[in-house]
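Trainee: Take the sequences, apply the hints, and build the full model.
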Amino acid sequence: GVSGWSSLQVNWSNPIDDGGSAITKYAVESWDASEYGVTEKQQLILKNTINGGTFVLTMNSHSAEVPVGSTAADFEKFIESLPNVGDVQVAKTIEPEVTIYDIEFMTNTAT
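Residue numbers for the sequence shown follow my numbering, so the first one is 164 and each next one is one higher.
Certain hints may be false.
As the list claims (entries may be wrong) - Straight-line Cα separation of at most 20 angstroms, SDA-like style, residue types lysine to any residue; simulated pairs: (1) 204 to 270; (2) 255 to 236; (3) 204 to 219; (4) 188 to 266; (5) 188 to 245; (6) 255 to 241; (7) 188 to 253; (8) 240 to 253; (9) 240 to 209; (10) 210 to 249; (11) 204 to 269; (12) 240 to 216; (13) 255 to 207; (14) 188 to 178; (15) 188 to 262; (16) 204 to 223; (17) 240 to 266; (18) 204 to 259; (19) 255 to 239; (20) 204 to 220; (21) 204 to 178; (22) 188 to 265; (23) 210 to 186; (24) 240 to 212.
Unchecked claim - Label pairs and their in silico Cβ distance ranges: (25) 176 to 222: 30 to 36 angstroms; (26) 182 to 247: 35 to 41 angstroms; (27) 221 to 257: 24 to 30 angstroms; (28) 244 to 215: 18 to 24 angstroms; (29) 236 to 179: 32 to 38 angstroms; (30) 243 to 186: 28 to 34 angstroms; (31) 183 to 249: 31 to 37 angstroms; (32) 259 to 218: 17 to 23 angstroms; (33) 244 to 212: 36 to 42 angstroms; (34) 179 to 235: 29 to 35 angstroms; (35) 234 to 259: 18 to 24 angstroms; (36) 205 to 176: 21 to 27 angstroms.
FYI, nobody ran anything at the bench for these hints, they're computed from the structure. A virtual CB, placed ideally from N, CA and C, is assigned to each residue, including glycine.
Mentor: Right under this line is the structure:
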């Protein structure tokens, strides 16, 4: 809840199912949506037991084939190659059991 004019108190409980990986951190972000709009964030999690190959990203009738193990920069280019996606930012984190791609759609998002 609101704890003061310029502060907010945030509380949460651990999720019932952590998906098999311990949760080691949380990210809390804030901005004024009336000034900056709202970005869409999605996450792709791949098990590290997947060695090689590709997967397909599809939007409407357009697709991009993405090699497993792509860098964040290359994955960003694959996503942006799909029509009407706009600008995205991708961060890649490699954990002991999974690789996580955090995808943030910077343009063409809901307001």
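Trainee: All the hints need checking, so say for each whether the structure fits it.
Mentor: Hints and how they fare:
1. 204 to 270: holds (12 angstroms)
2. 255 to 236: holds (9 angstroms)
3. 204 to 219: holds (19 angstroms)
4. 188 to 266: holds (18 angstroms)
5. 188 to 245: This hinted pair is violated, its Cα atoms lying about 32 angstroms apart.
6. 255 to 241: holds (14 angstroms)
7. 188 to 253: holds (19 angstroms)
8. 240 to 253: holds (9 angstroms)
9. 240 to 209: holds (18 angstroms)
10. 210 to 249: violated (28 angstroms)
11. 204 to 269: Cα-Cα ~9 angstroms, so holds.
12. 240 to 216: holds (18 angstroms)
13. 255 to 207: holds (10 angstroms)
14. 188 to 178: Distance of about 13 angstroms is within 20 angstroms: holds.
15. 188 to 262: Holds, at roughly 16 angstroms.
16. 204 to 223: Status holds; Cα separation ~19 angstroms.
17. 240 to 266: holds (12 angstroms)
18. 204 to 259: violated (23 angstroms)
19. 255 to 239: holds (10 angstroms)
20. 204 to 220: holds (16 angstroms)
21. 204 to 178: The hint holds at about 19 angstroms.
22. 188 to 265: Answer holds: residue 188 to residue 265 is near 14 angstroms, not above 20 angstroms.
23. 210 to 186: holds (16 angstroms)
24. 240 to 212: violated (24 angstroms)
25. 176 to 222: 30 to 36 angstroms: Once the Cβ atoms are compared, 34 angstroms apart, the range 30 to 36 angstroms for residue 222 and residue 176 holds.
26. 182 to 247: 35 to 41 angstroms: violated (31 angstroms)
27. 221 to 257: 24 to 30 angstroms: holds (25 angstroms)
28. 244 to 215: 18 to 24 angstroms: At roughly 21 angstroms between Cβ atoms, residue 215 and residue 244 fall inside 18 to 24 angstroms, so the hint holds.
29. 236 to 179: 32 to 38 angstroms: At 35 angstroms between Cβs, range holds.
30. 243 to 186: 28 to 34 angstroms: holds (30 angstroms)
31. 183 to 249: 31 to 37 angstroms: holds (33 angstroms)
32. 259 to 218: 17 to 23 angstroms: 21 angstroms Cβ-Cβ, so the 17 to 23 angstroms window holds.
33. 244 to 212: 36 to 42 angstroms: violated (28 angstroms)
34. 179 to 235: 29 to 35 angstroms: Since the Cβ atoms of residue 179 and residue 235 sit about 30 angstroms apart, the hinted range of 29 to 35 angstroms holds.
35. 234 to 259: 18 to 24 angstroms: Holds, since residue 234 and residue 259 (Cβ atoms, about 20 angstroms apart) stay within the stated range.
36. 205 to 176: 21 to 27 angstroms: holds (23 angstroms)
The structure shown violates the earlier hints numbered 5, 10, 18, 24, 26, 33.
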